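Chemist: Go ahead and model the full structure; you've got the sequences and the hints to work with.
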Amino acid sequence: MSRGCYLALCARPVQFEKANPVNCVFFDEANKQVFAVRSGGATGVVVKGLEDKNPISFRMEDKGEVKCIKFSLGNKILAVQRTSKSVDFLNFIPDCPQLEYTQECKTKNANILGFCWTSSTEIVFITDQGIEFYQVLPEKRSLKLVKNQNINVNWYMYCPESSVILLSTTVLGNVLQPFYFKGGTMSKLSKFEIELPAAPKSSKLSLSERDIAMATIYEQLYVLYLRHHSRTSNSTGAEVVLYHLPRESSCKKMHILKLNRTGKFALNVVDNLVVVHHQDTETSVIFDIKLKGEFDGTVTLHQLVLPARSIQPYQIPVAGPASVTNQSPVPCKLYSSSWIVFQPDIIISASEGYLWNLEVKLEPVVNLFPDKGKLMDFLLQRKECKMVILSVCSQMLSEPDGGTLAVIATVFDKLNHEYKKYLEAEQSYTMVVETGQSRGNPLLKRPVRTQAVIDQSDMYTHVLSVFTEKKHYLYELVIKTLVQHNLFYMLHQFLQYHVLSDSKPLACLLLSLESIYPPAHQLSLDMLKRLSTANDEIVEVLLSKHQVLAALRFIRGVGGHDSISARKFLDAAKQADDNMLFYTIFRFFEQRNQRLRGNPNFTAGEHCEEHVTFFKQIFGEQALMKLTTF
Amino acid sequence: MAAAAAGGAGQEKQLAPALLSFFIYNPKLGPREGEEEKKILFYHPNEVEKNEKIRNVGLCEAIVQFTRTFSPSKPAKSLHTQKNRQFFNEPEENFWMVMVVRNPVIEKYHKDGKPVIEYQEEELLDKVYSSVLQQCYSMYKLFNGTFLKAIEDGGVRVLKERLEKFFHRYLQTLHLQSCDLLDVFCGISFFPLDKMTYLKIQSFINRMEESLNIVKYTAFLYNDQLIWSGLEQDDMRILYKYLTTSLFPRHIEPELAGRDSPIRAEMPGNLQHYGRFLTGPLNLNDPEAKCRFPKIFVNTDGTYEELHLIVYKAMSAAVCFMIDASMQPTLDFCRKLDSIVGPQLTVLASDICEQYNINKRISGSEKEPQFKFIYFNHMNLAEKSTIHMRKTPSVSLTSVHPDLMKILGDINSDFTRVDEDEEIIVKAMSDYWVVGKKSDQRELYVILNQKNANLIEVNEEVKKLCATQFNNIFFLD
Chain H
1 MSRGCYLALC ARPVQFEKAN PVNCVFFDEA NKQVFAVRSG GATGVVVKGL EDKNPISFRM
61 EDKGEVKCIK FSLGNKILAV QRTSKSVDFL NFIPDCPQLE YTQECKTKNA NILGFCWTSS
121 TEIVFITDQG IEFYQVLPEK RSLKLVKNQN INVNWYMYCP ESSVILLSTT VLGNVLQPFY
181 FKGGTMSKLS KFEIELPAAP KSSKLSLSER DIAMATIYEQ LYVLYLRHHS RTSNSTGAEV
241 VLYHLPRESS CKKMHILKLN RTGKFALNVV DNLVVVHHQD TETSVIFDIK LKGEFDGTVT
301 LHQLVLPARS IQPYQIPVAG PASVTNQSPV PCKLYSSSWI VFQPDIIISA SEGYLWNLEV
361 KLEPVVNLFP DKGKLMDFLL QRKECKMVIL SVCSQMLSEP DGGTLAVIAT VFDKLNHEYK
421 KYLEAEQSYT MVVETGQSRG NPLLKRPVRT QAVIDQSDMY THVLSVFTEK KHYLYELVIK
481 TLVQHNLFYM LHQFLQYHVL SDSKPLACLL LSLESIYPPA HQLSLDMLKR LSTANDEIVE
541 VLLSKHQVLA ALRFIRGVGG HDSISARKFL DAAKQADDNM LFYTIFRFFE QRNQRLRGNP
601 NFTAGEHCEE HVTFFKQIFG EQALMKLTTF
Chain G
1 MAAAAAGGAG QEKQLAPALL SFFIYNPKLG PREGEEEKKI LFYHPNEVEK NEKIRNVGLC
61 EAIVQFTRTF SPSKPAKSLH TQKNRQFFNE PEENFWMVMV VRNPVIEKYH KDGKPVIEYQ
121 EEELLDKVYS SVLQQCYSMY KLFNGTFLKA IEDGGVRVLK ERLEKFFHRY LQTLHLQSCD
181 LLDVFCGISF FPLDKMTYLK IQSFINRMEE SLNIVKYTAF LYNDQLIWSG LEQDDMRILY
241 KYLTTSLFPR HIEPELAGRD SPIRAEMPGN LQHYGRFLTG PLNLNDPEAK CRFPKIFVNT
301 DGTYEELHLI VYKAMSAAVC FMIDASMQPT LDFCRKLDSI VGPQLTVLAS DICEQYNINK
361 RISGSEKEPQ FKFIYFNHMN LAEKSTIHMR KTPSVSLTSV HPDLMKILGD INSDFTRVDE
421 DEEIIVKAMS DYWVVGKKSD QRELYVILNQ KNANLIEVNE EVKKLCATQF NNIFFLD
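Which chain is which? The protein sequence lines are H and G, in order.
If you're matching positions, the first sequence starts at 1 in this note's numbering and goes up one per residue.
If you're matching positions, the second sequence starts at 1 in this note's numbering and goes up one per residue.
These are calculated hints, taken from the structure and not from any lab test.
Please note: incorrect hints may appear among the correct ones.
As the list claims (entries may be wrong) - Heads up, simulated BS3-like pairs for lysine-lysine below, C-alpha to C-alpha not over 30 Å straight-line:
| no. | chain 1 | residue 1 | chain 2 | residue 2 |
| --- | --- | --- | --- | --- |
| 1 | H | K53 | H | K85 |
| 2 | G | K360 | H | K545 |
| 3 | H | K292 | G | K360 |
| 4 | G | K13 | H | K504 |
| 5 | G | K200 | H | K386 |
| 6 | H | K421 | G | K74 |
| 7 | H | K504 | G | K74 |
| 8 | G | K360 | H | K421 |
Unchecked claim - Simulated restraints, written as ranges between beta carbons of each label pair:
| no. | chain 1 | residue 1 | chain 2 | residue 2 | range |
| --- | --- | --- | --- | --- | --- |
| 9 | H | L531 | G | T69 | 46 to 56 Å |
| 10 | H | V448 | G | K360 | 51 to 61 Å |
| 11 | G | S363 | H | V448 | 32 to 42 Å |
| 12 | G | N283 | H | R3 | 48 to 58 Å |
| 13 | G | D414 | H | T404 | 51 to 61 Å |
| 14 | H | Y517 | G | M327 | 30 to 40 Å |
| 15 | G | D414 | H | K568 | 17 to 27 Å |
| 16 | G | L20 | H | S501 | 47 to 57 Å |
| 17 | G | F371 | H | V483 | 36 to 46 Å |
| 18 | H | S544 | G | T468 | 25 to 35 Å |
| 19 | H | L474 | G | N283 | 43 to 53 Å |
| 20 | G | T468 | H | T603 | 48 to 58 Å |
Note that the structure is predicted; figures quoted are calculated from it, not measured.
Where is the CB? At the ideal position from N, CA and C, for every residue including glycine.
Modeler: Below, the structure is given as structure tokens:
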């Protein structure tokens, strides 16, 4: 891994036959599939996707040059565009007619710019004069027009994740009209205008599709506009302008990412980060719109999160049977001019026949942030962040110049905040479900426990356990550490302010400290009292201190004196070596016997014979309580 | 209570107890005849004739020596006479401190106009004044170290100088007429706080100790109540007394005065925060400002540490930084401290205030306490009183009659005699009931004013109090 390169191409790319005069390569953004079409399909079509291991291959009749080829969702129907007037269809559904069928666009004199599948049987044609939304009926080998809209279109863009098609309209091309597709319906969202860097001199198309991208960032759909540096404006370089495109209301300019450089750029979105590739310097930069920027009242300006770095060097595995050739892998040319970038995170090298996912690596990032607080803000938003965060914490605590207390405090505060947020969300979700308010509320979702939710056991296992040999829980660790360093008064004050939560094990731990730190006795008893489920333990503690009367008064106070063992108390009273005490306790139980059974004598099951004998010995037979009869 | 309250139908004058004399001696310093004066290390009032001083010291020596025969392990603590009471204390081996207090007096006028003086021999409580005497020593030791250390440092001369310098001023602040049970406890009032705010304070202290890396111990107070102490309990107890009865009250005037008042204006203002030094430099902008901090001595039984006491306050939050006496804090250090601690302490103080108000609202404890009580826990020295309205350096204002306070003292003396848990209920004159409870290390004294209440009802009332005020501790019914 070289000097903090935080971007990498995935290790397992999709490999396909390189583009050449007889082999055309297409990419479908919706299914993320690469199509290699040889000789118009006559000598074969190979379809490879990112997830599927088995490529689909088939043959089709060469009816002319293929302009566009895409499967519907689920690979049910194949659509092929060969002319600018019509699209051909081929069913891939078992037991369906296998013959091709064709659909011409409805608008006269219109040219089809392209098409997009919005479900397994719904397709949208985009023509230079509007869009047409069709339902495909594979059994009937025909299409039914659901809706169409006339509008002059320069170019279009489709975001399959959000089912939104964006059309470039007007002469300058900078008025964008979004359409949203769901459940067989097409809805028109409000159009918006992209502010061009400078007023164009002539009335020609001024907004290119190359400078626009659509992506979902932090669950919101954005239109990203790459605004190039213009000499007339006083900007210091190119910028990426983010327009937020909500389904319900109109589009709004929200963020500006300052690139501070000029030249050729390409955009990706990975793990909610906007990645901007710069071909001239062969480096990339990233932006996180959740990090604090400079808010000017309407938009937030963001500077680079990290210094620019190249994508990690990539070795192309040598083709062919490696065992025979035994060649060393060839380094891949990065930022090549033959690269094509697709949203959100796809990079394709058509000349070499590779499709990669771009990935963000978090380990190299750690040392690029001088400010640990900012580093945490950054890491907490990333998908695979847990282990990196824990290693940062561990490094902070164990290395001598790891961080000042203020920094450590900030970092832990941030982790706690995230944990708290999750717990609260979980709690309110549970409450809504339990009270039955969840019915008829489709928006209610169980909160997702992301990797940023770091709990006690994570922290313990990966960060704190190095400081101790044995496995404890956090409170136990705190106590043992304080005891080891003789900081009893500190421990004491922590308990006084309930920093360590009450529990039976903790109370027992305190009891065990009594011999080295006597106040632990009171602290422990108080804790048991607060627990309110530890009355038996309190009695045991008092009896062990020979505080027999206190134990009896306590258990009577909480109403448990009818079920306690007389023998246990008499034993303790006898050990205390105080005859008057023994007399009192003995009399108490005689009275209890009288009250419960109408007879002061002990039953055999109580095993108090020895104590009765002892009582008679000391106080005489006549001192025993008489059976009262009325 | 008041020093000379006129009372009764006839011409009657009441005189409060007063300090007659106070002296410190060591019999080993002048064992031979004719050298008796050498034994005397300090004598108040100094004007007393030499031979009388020698006589009084000799008398005390004799009494202690004589009574030792009967109780070798527990030497005499006090001597009761008609006119006064003497208290003895041997804080260090062979060093004796004696305090002579005149009994309160009622001056009556005979029909013929002649005054008749009546000494009230049974009014003073031994435990209260013995405790006052012990505190005299503890306070001296806090600022001067032990007697022995002074002699090691520079002989008897140095010890005498230190005693003279310290007690000359200190004895004037004793106010013997307003001593009561709280002087026996010499406890610490803790500020009630939720866990999160408490941890914020912890975190603040840790950060400060880290950035001002010469700090050895820190203590944190809010509203004159303790929240955190890095010092051990016994040292904190006396430092707490000094802070709350002497240092803080002296600085309260400018604080109450507000920002724009002339008193406040004299203090160097800082617009960024409210922090200021209560000890040390007054004006940080003055390049000539003296950075002299009081020295204190802690852990005198063990490591014997000498420290500079830096007390810094922002609004109601006060923090004490204690640094090793071998380090001399410079003006630069003070400025650094001010710039680091000031802003953070200001924020913290308002956080605490806010959280405290929230907690108060939640627990509903805003209402005036219906019970008059004093609570003390020997284990952590926690003290709470709803009887004392305000403790000022001159008087402790109590809301109950001194006779009742005396009953509290008597009950406390009874508790001291036995180890067992006890409960004592006293029916006082004028419809008051006084209840004392002792459970393990804790003592609770309640004063109830309920006409015609019987013993059972009083017992129920106290139970109610325990259930509301002390439900989170183990307190036997």
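Chemist: Does each hint fit the structure? Answer for all of them.
Modeler: Each hint, compared with the structure:
A hinted pair counts as satisfied when its Cα atoms are at most 30 Å apart, and K53(H) with K85(H) does not qualify at roughly 35 Å. Under the criterion of a C-alpha separation no larger than 30 Å, the hint pairing K360(G) with K545(H) is inconsistent with the structure, at around 37 Å. Distance check on the hinted pair: K292(H) and K360(G) sit about 36 Å apart at the alpha-carbon level, beyond 30 Å; violated. Distance restraint check for K13(G) and K504(H): the Cα-Cα separation of roughly 61 Å exceeds the 30 Å cut-off, and the hinted pair is therefore not satisfied.
Note on K200(G) and K386(H): the hinted pairing holds, with a Cα-Cα distance of about 26 Å set against a maximum of 30 Å. Annotation: proposed proximity of K421(H) to K74(G) is violated, straight-line Cα distance about 62 Å (limit 30 Å). Note on K504(H) and K74(G): the hinted pairing is violated, with a Cα-Cα distance of about 42 Å set against a maximum of 30 Å. As the CA atoms of K360(G) and K421(H) are separated by approximately 26 Å, the hinted pair is consistent with the 30 Å bound.
The beta-carbon spacing between L531(H) and T69(G), approximately 53 Å, falls within the hinted interval of 46 to 56 Å. For the pair V448(H) and K360(G), the beta carbons lie near 38 Å from each other, so the given range of 51 to 61 Å is not met. Against the hinted window of 32 to 42 Å, the Cβ-Cβ separation of S363(G) and V448(H) comes to about 36 Å, which satisfies the hint. A beta carbon spacing of about 52 Å between N283(G) and R3(H) agrees with the range 48 to 58 Å that was offered as a hint.
Taking 51 to 61 Å as the suggested C-beta distance range, the pair D414(G) and T404(H) conforms, at roughly 55 Å. A C-beta distance of roughly 31 Å is found between Y517(H) and M327(G), which places it inside the suggested range of 30 to 40 Å. Separation of D414(G) from K568(H) is about 32 Å and departs from the stated range, judged on CB atoms against 17 to 27 Å. The hinted window of 47 to 57 Å between L20(G) and S501(H) holds, with their beta carbons roughly 55 Å apart.
Remark: the range hint 36 to 46 Å for F371(G) to V483(H) is upheld by a beta-carbon distance near 38 Å. Against the hinted window of 25 to 35 Å, the Cβ-Cβ separation of S544(H) and T468(G) comes to about 30 Å, which satisfies the hint. Evaluation of the 43 to 53 Å hint for L474(H) and N283(G) yields a pass: the beta carbon distance comes to about 46 Å. A hinted range of 48 to 58 Å is violated for the C-beta pair T468(G) and T603(H), which are about 41 Å apart.
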